[in-house]
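Chain B is already provided as a structure; the job is to place chains F, D, X, Y and U on it using the hints.
Number of protein chains: 6
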Amino acid sequence: MTLLKAAIIGGGNIADTNHIPALKQLSEQVEIVAICGRDTGKARALADKHGIANAFDNTTEMYRQCAPDLVVICTPNNLHYPQAMEAMDHNCHVFCEKPPAISAQNARDMASRAAQKGLTLAYNFQLRQTSEWALLTRCQTDGLLGETYHIKAQFLRRRGIPGWGYFTDKTMQGGGALMDLGVHVLDLALCALGYPMPDHVLGNTYDFIGKAGGKGLLGNWNPQKFDVEDAAMAYLSFPNKASIMLSASFALNTQADKDRNLEIFGSKGGVKLFPFTLHTEVAGELADIQFPYLEEADIQLKNTAAFLDACQGKPSNVCTAEQGAILQEIVERIYSASS
Amino acid sequence: MTLLKAAIIGGGNIADTNHIPALKQLSEQVEIVAICGRDTGKARALADKHGIANAFDNTTEMYRQCAPDLVVICTPNNLHYPQAMEAMDHNCHVFCEKPPAISAQNARDMASRAAQKGLTLAYNFQLRQTSEWALLTRCQTDGLLGETYHIKAQFLRRRGIPGWGYFTDKTMQGGGALMDLGVHVLDLALCALGYPMPDHVLGNTYDFIGKAGGKGLLGNWNPQKFDVEDAAMAYLSFPNKASIMLSASFALNTQADKDRNLEIFGSKGGVKLFPFTLHTEVAGELADIQFPYLEEADIQLKNTAAFLDACQGKPSNVCTAEQGAILQEIVERIYSASS
Amino acid sequence: MTLLKAAIIGGGNIADTNHIPALKQLSEQVEIVAICGRDTGKARALADKHGIANAFDNTTEMYRQCAPDLVVICTPNNLHYPQAMEAMDHNCHVFCEKPPAISAQNARDMASRAAQKGLTLAYNFQLRQTSEWALLTRCQTDGLLGETYHIKAQFLRRRGIPGWGYFTDKTMQGGGALMDLGVHVLDLALCALGYPMPDHVLGNTYDFIGKAGGKGLLGNWNPQKFDVEDAAMAYLSFPNKASIMLSASFALNTQADKDRNLEIFGSKGGVKLFPFTLHTEVAGELADIQFPYLEEADIQLKNTAAFLDACQGKPSNVCTAEQGAILQEIVERIYSASS
Amino acid sequence: MTLLKAAIIGGGNIADTNHIPALKQLSEQVEIVAICGRDTGKARALADKHGIANAFDNTTEMYRQCAPDLVVICTPNNLHYPQAMEAMDHNCHVFCEKPPAISAQNARDMASRAAQKGLTLAYNFQLRQTSEWALLTRCQTDGLLGETYHIKAQFLRRRGIPGWGYFTDKTMQGGGALMDLGVHVLDLALCALGYPMPDHVLGNTYDFIGKAGGKGLLGNWNPQKFDVEDAAMAYLSFPNKASIMLSASFALNTQADKDRNLEIFGSKGGVKLFPFTLHTEVAGELADIQFPYLEEADIQLKNTAAFLDACQGKPSNVCTAEQGAILQEIVERIYSASS
Amino acid sequence: MTLLKAAIIGGGNIADTNHIPALKQLSEQVEIVAICGRDTGKARALADKHGIANAFDNTTEMYRQCAPDLVVICTPNNLHYPQAMEAMDHNCHVFCEKPPAISAQNARDMASRAAQKGLTLAYNFQLRQTSEWALLTRCQTDGLLGETYHIKAQFLRRRGIPGWGYFTDKTMQGGGALMDLGVHVLDLALCALGYPMPDHVLGNTYDFIGKAGGKGLLGNWNPQKFDVEDAAMAYLSFPNKASIMLSASFALNTQADKDRNLEIFGSKGGVKLFPFTLHTEVAGELADIQFPYLEEADIQLKNTAAFLDACQGKPSNVCTAEQGAILQEIVERIYSASS
Amino acid sequence: MTLLKAAIIGGGNIADTNHIPALKQLSEQVEIVAICGRDTGKARALADKHGIANAFDNTTEMYRQCAPDLVVICTPNNLHYPQAMEAMDHNCHVFCEKPPAISAQNARDMASRAAQKGLTLAYNFQLRQTSEWALLTRCQTDGLLGETYHIKAQFLRRRGIPGWGYFTDKTMQGGGALMDLGVHVLDLALCALGYPMPDHVLGNTYDFIGKAGGKGLLGNWNPQKFDVEDAAMAYLSFPNKASIMLSASFALNTQADKDRNLEIFGSKGGVKLFPFTLHTEVAGELADIQFPYLEEADIQLKNTAAFLDACQGKPSNVCTAEQGAILQEIVERIYSASS
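Residue numbers (our numbering), protein chains in the order written: chain B, 2 to 340; chain F, 2 to 340; chain D, 2 to 340; chain X, 2 to 340; chain Y, 2 to 340; chain U, 2 to 340.
Take these hints with a grain of salt, some might be off.
Claimed, not checked - If you only want the chain F side, here are some residues facing chain B, beta carbon under 10 Å, derived:
# : residue
1 : 201
2 : 203
3 : 207
4 : 238
5 : 255
6 : 256
7 : 259
8 : 337
9 : 339
These are computed hints drawn from the structure, not numbers from a lab. Even glycine gets a Cβ: it sits at the ideal position worked out from N, Cα and C.
Just chain B, same shape as in the assembly (with noise of 0.2 Å):
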């Protein structure tokens, strides 16, 4: 088999731990040919630390250059919507780091070219691939759960704003705690539905803490430039009456510092996820199913070669540019509503 092309765009962490390494040990299905930053230097850098050919300061020079099959972006948000355009332009495949985009539209319009194009749009929802979220999704086909009806998801962090990056900067990131981490519990809950459209949407947003300072636990904030959301709440309601209660935070007054959860509920069944724990009826009495074998995945290896299968035409549970436009515009509500 041809072993496809990829470029990576954006050097910095995400690229470094995640990205990099998983296309690494798909090395019988793709190579990685260029890095693209926006330093040549540490661009180069990343590059020969991985045994990557070429890197580049630019996009342009490694299109012409390197004629990817498919890229990898994993720069701020405000920067996926033209890389994704630009790359569908060069007919690549795009592998695009969450949230989608900024906006709704921006979105929309991703999802729309790479329809147009027949080209795979993806984004990196990695929590689809851990063993909880596939045993959540056997005992939904199982008829475990019955009909699911109301779901709460969260991902809390106590004093969680990184100290580092552009977490904390509107205009780069488009939003704070609900774009970087509540979009990740929020698809979950979403894929749980069927990935509908909310007919009623509300929700608030704060940044008491942010802009007030204190103790980090991400490192230390500058809370003169905090500017973004520190704590996000939302409720969707859907037109099958299902709902869905949604918590993010970089920093709130609550107990635990890390507090990734969902719990599912249905008319025959109800899951938390963290641990796996399934409350039903089994032989006529309340029981609770514990599973202490689930194996952890690599969930980065697993996403990374969803979208490869995507890619092929395989079968692929990778988050779809339709469905990162739905949770786009959910998101834009939640801003919308908070205002």
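Positioned in the frame of chain B, the structure of chains F, D, X, Y and U alone reads:
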């Protein structure tokens, strides 16, 4: 001091185990002069058990013979309105079981009548008298929470659809889990915010489990006669941008059988109510504060005492007629949103 | 319906605290007409305590005066056989304490007589009425265990040699830990397999601690008069290749003071009885299922009711005369193997 | 001192990770001169990895060229007998992996040959070298257990059918869970009793799960090629009335994935091996003794050293040829009983 | 046997709930003939409650009318001395509440008088009768501790300043936490060393919290009237170089509300008293020994019985007059050291 | 900035693993120019390992050739005094391992010399740099403890007599558990009180276990050569009535192997250091405050940096020469008291 004369309307379990014992412990202020029930025999038996002089099967005769200063209403929800109005017509203060009524208009009318007559009308939300709630209030007063902006309030049962009484009968109760359980934690959440009226309300109600039947933990209910919600989920957004997430269930496929709690998030500190924990910063470090010696209060006794204080014009933290009207309107808006 | 007339034979603790209270709760079906003990005074006192009309110090007179429909035998093991045979000669149904008898031949003769006379003879193995056993049975019926092929059954005490009664007297009891404790879990294990007769039995009994003396947790026993086994270990193999490992002790240098449990292994699932846990596969993953809301049953009441059902020809899960004969033969074969 | 020359027969995982590292740590006594495997290339690679001079694909050449003083046999069970006999023909001491052989007769012949030639033949039961077993032995020697009369020995896996090697191939291994796992704890149990021959043996083997297939925790096995037992249960009774209950499984619907333990019951004290706990009386009271600082021993190193001690005529607690013959006979009688 | 006649002096709670019930359970040896309190009415009521014939409001009349053989003194500490002396003048044995007195000289005089008159004078340190202390004594006797050389003794309350009685009144009680709580554990520590007199004593007392006021866990105390120590710390060194660290508090900012314990360190073993744990070596390894079945003794009953034994010249482990004098002198030296 | 030149005196483990790595991390301020050990070869090897230019076997030559600005003394305790004095004669700042010296006079002379020469002499008590101690200091500064009046300080090992080095040699070390372990927690306790000199000191030392031998957890020691204390207990009372209880052991029959902790009691709050817990009142209720996110500091790095700050006249919390002299005098008084 002259003793206040009290009459009990409704001779069921809540009168027998909560209100009558509490009033008897307050015998320096109040004397129970009559019990009024649908069935003379049962009312008479309950009166004898507690050493109460008179028993009636109608209120007309009771008012004529006993001329009480106050009445305690312990009847199904749909009777709260007519009985409270009648009591106020007889110039009685009214201590009414929760919820206030089965419609917002009724609750508003009750509040208007009380104001007009200069009488005390109050609702029996006893959780206000827990040591935990008293401590929460002190923490807010002392500024330990800063500005309170989000509250998660829940009262969840796994399979707690009552197998007795009228709890599953919409005509008599006006609703299910929200009317019976949700109002308790909603009342507390509203207190924590100063009892504002929300500008946006979204919500959904469900009845999958109640209508399907199954194992019960509070006796066995009849799924054929189940016409209320077994679960209600709602989101309230307030003019000052504060928000409440509310969850209540008689039946839900969740872990715990009983999970009644509030999490109250403020700009300086956050509180989990049971067991009371304060998450904040102390001496520049993130800190969790526990209170290992909170006493377990006799919450009915304290709430009845608070009602009597209100009747006598003293400061009191009992739920007022105006608060009851706000709460009832919110309940009605949740039901509207979900239909 | 005409009430069944019951007589109690044996006026000791088990009659006072188990059988009489259970029968009195079933007063719509049965009336206790007499108590028969060795000592008239004690029998009379017990009868008075429970409001029973007649007390006797011999059964002859009791049968003559009271003509009971059924008798409950609560005497030392060596009296079970003669008293049950006499009762059946008077056409009485018999509810006999465990173990059935002190020899296999006696138990077989008792079963033959019951069959011949068309009477119900049953043994009081109450653990059959625990919620856990009912659930085990349902799991088997629902196919959740597949084929059951091995059972570990144990009833171990660390230092539980009774310091009262006849428990250490071989002449009266026929044996020690196996006769008194082991039979309970052996009966359950046999039920789980369909009450087959094993084709191979191996076993050993011990009396090191009983004969040496020491600290007791159920009073102080007399090591000089100790002539039963303090521990019995056995292995049963059945024609279908299923097997049972049985362990019972009054005294053993083991961790827990009381350890009464069964592990039941099947081709599809395995169960630990206390607390009830089902080990199996769900949705393709290894799963452990707990049942947090099993109710604690009144097992004596349920077993007495099951006996009455049997007397009246209704379906019943009480231990039958035939089962008792099989169990007694196995006990005898264990003792033979160990001598 | 002249170094002993050692040859390794069988170039698999057990040689690579256990025996070779242990021998190399004992380089003051022994030198590995050769590795002998089925495949020259793999043997050569292993030799290179460990700095061993010679590699062979047949033993004939190895004996001719290297003339070792001792061999370590790490091949499938059915080769233990011919390879040990051949080694002894070349006057080599033999350190053979467990189990001794696949038939009792073979094991007896091996022991006879060793005795006749004055050579050391020993089996690698490393659990004898755990700190726990050393302490058990000291407790017995110090009289803390009194007379040992019953042992429960088990080595249970829930879904531990190996997905590699020959573990499920009866021709090569002679059996399944009993041959591979059960022999470890059986060896210890026999040690605790002085390695007597039982006068009665009863047992059963099962293969329900192995033949049905399903989720594996040690890789995935092929149920079509599974022809050994997945579980074996047995009971041994000895002339002095002591007894052993033995349970071993590759697959069983039980709680823990790995449960390897012994309970050893004596007249004065009882021991649970892991974690080591002694149940006895101290100062007249029932006491539980824990040993919180037992060191984790390098059990392969210690067992190899014990074998070398035996070769040199020093005291040693390694499993002897005679013990191996007794153990193998018991294994054979368990298989006979279950067929 | 003739019954001993006992009189109770002091009609408070300790008489009502401890001494009188214990004496009544020992009715084969002793009969309570009188209660003597400050208030005739209360004394009469207590006598009636317990079926005691006589009640007095002065001891003179009591001695005249009842001529008791022994008295039990349950009055404030400053009355122990005059009442005990008076009782011995009437040839009565004396069972006196702890502490012995409020000065060392008083305690010495009491001991001299008892010796001179040949009477039993004993103090009610009931902790000597716990099963734990009995076991500690057996361990010492059996040599399991070797030579005892250091003891940490503490009786700490976090906020346990009693809100009733005279506990905070120095004139009546002679001191605070040391007098009321510390003496209990000091008595045990001295027992463990053979009740020697220390050659060096150092100590400090504090009253910060008692004088500042705050939340109380034993009612609310009046900080204005608090003139005793709320905490006392001391170190005792003995001629044989053994030492005791003593800590006692009514109020201390420490974790647990009640922490009453001793750690006793010997050359061969060390004991933590609650829960009783012995740290030593067994079979050459460091070992921790627990005693899971120690019974909970009725310590007042046992101590009263021990006093009666002493009165009758039988062996007894009750605290003697001489021991009480030593203890009181140590207490006095601690107070001196801290002033 | 010119780099400070540092020389290491003493080439043992503490230099290799603590001081040299810390100094190398501070390479912007300091450069290690020489290592001086007893054995040239070992000194050379250590220098090579860490890339240090010079190695010496005597200090004379080292001072002549290298002229360091500061020395770090890592030798046995009895060399601290002569080596520090010599260093200061060469106008070097001195960072000396704990304890300061083996006599109080030596420590006082060292402090005088430093003062006289205007040099920094400091001792390496690294526990001062734990996050817990920093927090304690902040709590005191913020007034959260009120007035600190009692401290329990302990550093206990169960069987931690080192089996290597000079730890059990009184001539070289000056003492045992107190000199090696006790000084760490004594230093902290003195800090918490402002480093006052006590007016009363009482104490005892023991050597029962050290002289008897037995199982060791830090290697095996030689009881014949053991001439230091294995345990030291002391009590310090200060002019302001504050007090310290100090316990230190190499060997003690106690539960934990390592128990290093301080409890610091103040009028408003009390602190347990590990894990840091503050016991106080919040909002009128008794409260326990935990700090779940304290970072684990690199305490040697921080202490070395603090020493360098002191050398440069910056604020520093390193243990000063004067504090070392006070501490050494207290140690000496404890030894005196116990002899």
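So, going through the hints one by one against the coordinates:
no. : hint : verdict
1   : 201  : holds (6 Å)
2   : 203  : holds (4 Å)
3   : 207  : holds (5 Å)
4   : 238  : holds (6 Å)
5   : 255  : holds (6 Å)
6   : 256  : holds (6 Å)
7   : 259  : violated (13 Å)
8   : 337  : violated (12 Å)
9   : 339  : holds (7 Å)
In summary, the numbered hints that this structure violates are 7 and 8.
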